[in-house]
Amino acid sequence: DAGVTQSPTHLIKTRGQQVTLRCSPKSGHDTVSWYQQALGQGPQFIFQYYEEEERQRGNFPDRFSGHQFPNYSSELNVNALLLGDSALYLCASSLGGRRWETQYFGPGTRLLVL
Amino acid sequence: DQQVKQNSPSLSVQEGRISILNCDYTNSMFDYFLWYKKYPAEGPTFLISISSIKDKNEDGRFTVFLNKSAKHLSLHIVPSQPGDSAVYFCAASLTDSWGKFQFGAGTQVVVTP
Chain A
565 DAGVTQSPTH
575 LIKTRGQQVT
585 LRCSPKSGHD
595 TVSWYQQALG
605 QGPQFIFQYY
615 EEEERQRGNF
625 PDRFSGHQFP
635 NYSSELNVNA
645 LLLGDSALYL
655 CASSLGGRRW
665 ETQYFGPGTR
675 LLVL
Chain B
1170 DQQVKQNSPS
1180 LSVQEGRISI
1190 LNCDYTNSMF
1200 DYFLWYKKYP
1210 AEGPTFLISI
1220 SSIKDKNEDG
1230 RFTVFLNKSA
1240 KHLSLHIVPS
1250 QPGDSAVYFC
1260 AASLTDSWGK
1270 FQFGAGTQVV
1280 VTP
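Chain order of the listed sequences is A and B.
In this note's numbering, each residue's number is its place in the first sequence (first place is 1) plus 564.
In this note's numbering, each residue's number is its place in the second sequence (first place is 1) plus 1169.
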């Protein structure tokens, strides 16, 4: 049973560019959440997708957008990259509809903005 | 505004002894709490959770205690094993918040022989 997978594992971009990160949820899961983890900090919630809609959003600017596909996989897009966007981006999947469901995390995509 | 705080960035404990990790929160509306463990180059792995209607939850070597009046929770690992060496995060969510967890900054645990 494949767990949560993310691609790419590492990425280097320059300021002002745009980036797309991808996530495939654990088999059977229909909900995907995205987190940003800066060095030395805990993960910060970006947003959550359920039934192809953004259900919850954290305190991130509109430069951060996402999408969920009918197969439940998801993309995170970041426009106009800033140096401060350098971080580990984590995707977590769960079974939606119930609040208490455990989130399973992928290994993350490490983004470096130069 | 950091509403979930782990004030100890690191903890060293001998194998076989008890590890106690602490977490404080400021928002009294948090009603569901979790602990995650993270190894390098891996995503966080769920360990144990507790809802605000309880004050203790056990799962094998792991026990989480919740003190709502003090807005404090702790994770006890007994006995500590070398494989427990990892970063531990506590996380909390608000009522009606679907999976929107707020994480602490983490505590690095090192279990020594």
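No lab work stands behind these hints: they were computed from the structure.
Do not rely on the hints blindly, as some may be mistaken.
[As the list claims (entries may be wrong)] Across the chosen pairs, the derived CB separations fall in these ranges:
1) B:SER1238 to A:THR578: 30 to 36 Å
2) B:ASN1196 to A:ILE576: 32 to 38 Å
3) A:GLN581 to B:ARG1230: 27 to 33 Å
4) B:GLN1250 to A:GLN581: 26 to 32 Å
5) A:LEU646 to B:GLN1250: 22 to 28 Å
6) A:ALA644 to B:SER1243: 20 to 26 Å
7) A:THR584 to B:GLU1211: 21 to 27 Å
8) B:MET1198 to A:GLU615: 34 to 40 Å
9) B:THR1195 to A:LEU678: 21 to 27 Å
10) A:GLY592 to B:TYR1208: 42 to 48 Å
11) A:GLN605 to B:ILE1187: 24 to 30 Å
12) B:SER1243 to A:GLY592: 16 to 22 Å
13) A:THR578 to B:ILE1222: 46 to 52 Å
14) B:ASP1224 to A:ILE576: 33 to 39 Å
We put the beta carbon where it would ideally sit given N, CA and C, even for glycine.
May I ask which of the numbered hints given earlier this structure violates, with the numbers listed in increasing order? 1, 3, 4, 5, 6, 8, 9, 10, 12 and 14
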